[in-house]
Amino acid sequence: MQSRSIALEGEHDIAVARGEVRAVAASLGFRLIDQTRLATVASELARNVVKYASRGRMIAQPLAAAGGRAGLRLIFEDSGPGIPDIAAAMRDGFSTGRGLGKGLPGSKRLVDEFEIESEVGRGTRVTVVRWL
Amino acid sequence: MDGQQRIPILKVGRVLIVPIQVDMDDQTVIHLQERILTELERTGARGVLIDISLLEMVDSFIGRVLSDVAAMARIMDARTVVVGMQPAVAITLVELGLELRGVDTVLNVDEGIRLLRSEFGIDEDEEGAGPHGGAFAEQVNRP
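Quick note, the sequences are listed as chains A and B, same order. Every letter in the first sequence is one number past the one before it in our numbering, and letter 77, counting from 1, is 77. Every letter in the second sequence is one number past the one before it in our numbering, and letter 136, counting from 1, is 136.
If we strip away everything but chain B, and leave its shape as in the complex, we get:
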């Protein structure tokens, strides 16, 4: 879409990694939600790791979309973790009264991968990891 900010979606093994590095407008947020679900279906990924460490604000709209993504991914047999929330963002979220229902949050990408692997049993090297196994990230969202 014209003027749309592109957020990359990377596939590492059976995990989709979504690094959000810019302040997104509402259109971009909605579009990203759709793309994550499309890529889950297309690639058979079992985990979604959303990195928000560079996101300076999470309002009720973005919070709701994060919850929705987790719920929808769950129905598609995939688990979602949100990693790297800044302390100021976490404080503001709680004061705002948002719970991020159904979303697991961890401190960093390492912890996120560990959670997806150990807690949810998603192995990066499982079948479906593609010709490169888990060693290479594949950008899956080319237009």
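Next comes chain A alone, as it looks inside the complex:
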């Protein structure tokens, strides 16, 4: 299955992104609970892109590991302001916006792999993977 790229340019795209992720996850054979986890992660991370960077994109990449294990990688990237203190942003309850501060740390708990790269003034990329 090919990678899909979804433009994140407004609030409506958040719903589009999580719908797309759920559909891809279902087609890869993820069970309902994992589809829900992945759709929720997509919603949280896509909202961060729209809220903090105004625009960016999500890439959904189906994976096939050695041994035939399937997975789904989601990449959220933007050219926004970046995150000055990643350690703080990963703490439960920390938010520079009006959010609950659950987006990043909560999303990390919903996936198997979580990586965040950010440079102030350059942008942010969050990569997550959930294995089947």
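Output of the computed footprint for chain A on chain B, the stretches with three or more beta carbons under 8 Å from beta carbons of chain A: (1) 56 to 70; (2) 85 to 93.
Chain B is faced by these chain A residues, among others (derived, beta-carbon under 10 Å): (3) Leu32; (4) Arg47; (5) Gly93; (6) Pro105.
Calculated directly from the structure, the hints in this document are not laboratory data. Glycine is no exception: its CB is placed at the ideal position from the N, C-alpha and C atoms.
Here the structure of chain A is known, so what remains is to put chain B in place on it, guided by the hints.
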């Protein structure tokens, strides 16, 4: 608003019933919050029952709005119950670290009505139920 998804708000006696049957974008969620509070004020309803049984995901944004609605309704002397959360949604909410503070959750609409009646003393047939009493649902959100 153009392109806005319409979520119906039904009034049964002194309870507003809000069946959410689609995945809502953020605008729709915010707009729904405002409409619930407006209808509480306009109708004098004492209870709000939000049915999320068809909602496939509750993220931190929707979770916060549900908590906010409950808190705001409480200030307006009304109680809020959220009914029908899917198991996968409940598991994900807990893993995400959301508590839905101040929100009572029950399994289905029957239980929700029972809770509003017995626990919170909201009687469907009380004064204010309108000309049809509690027997008919009235859709109150016509544009």
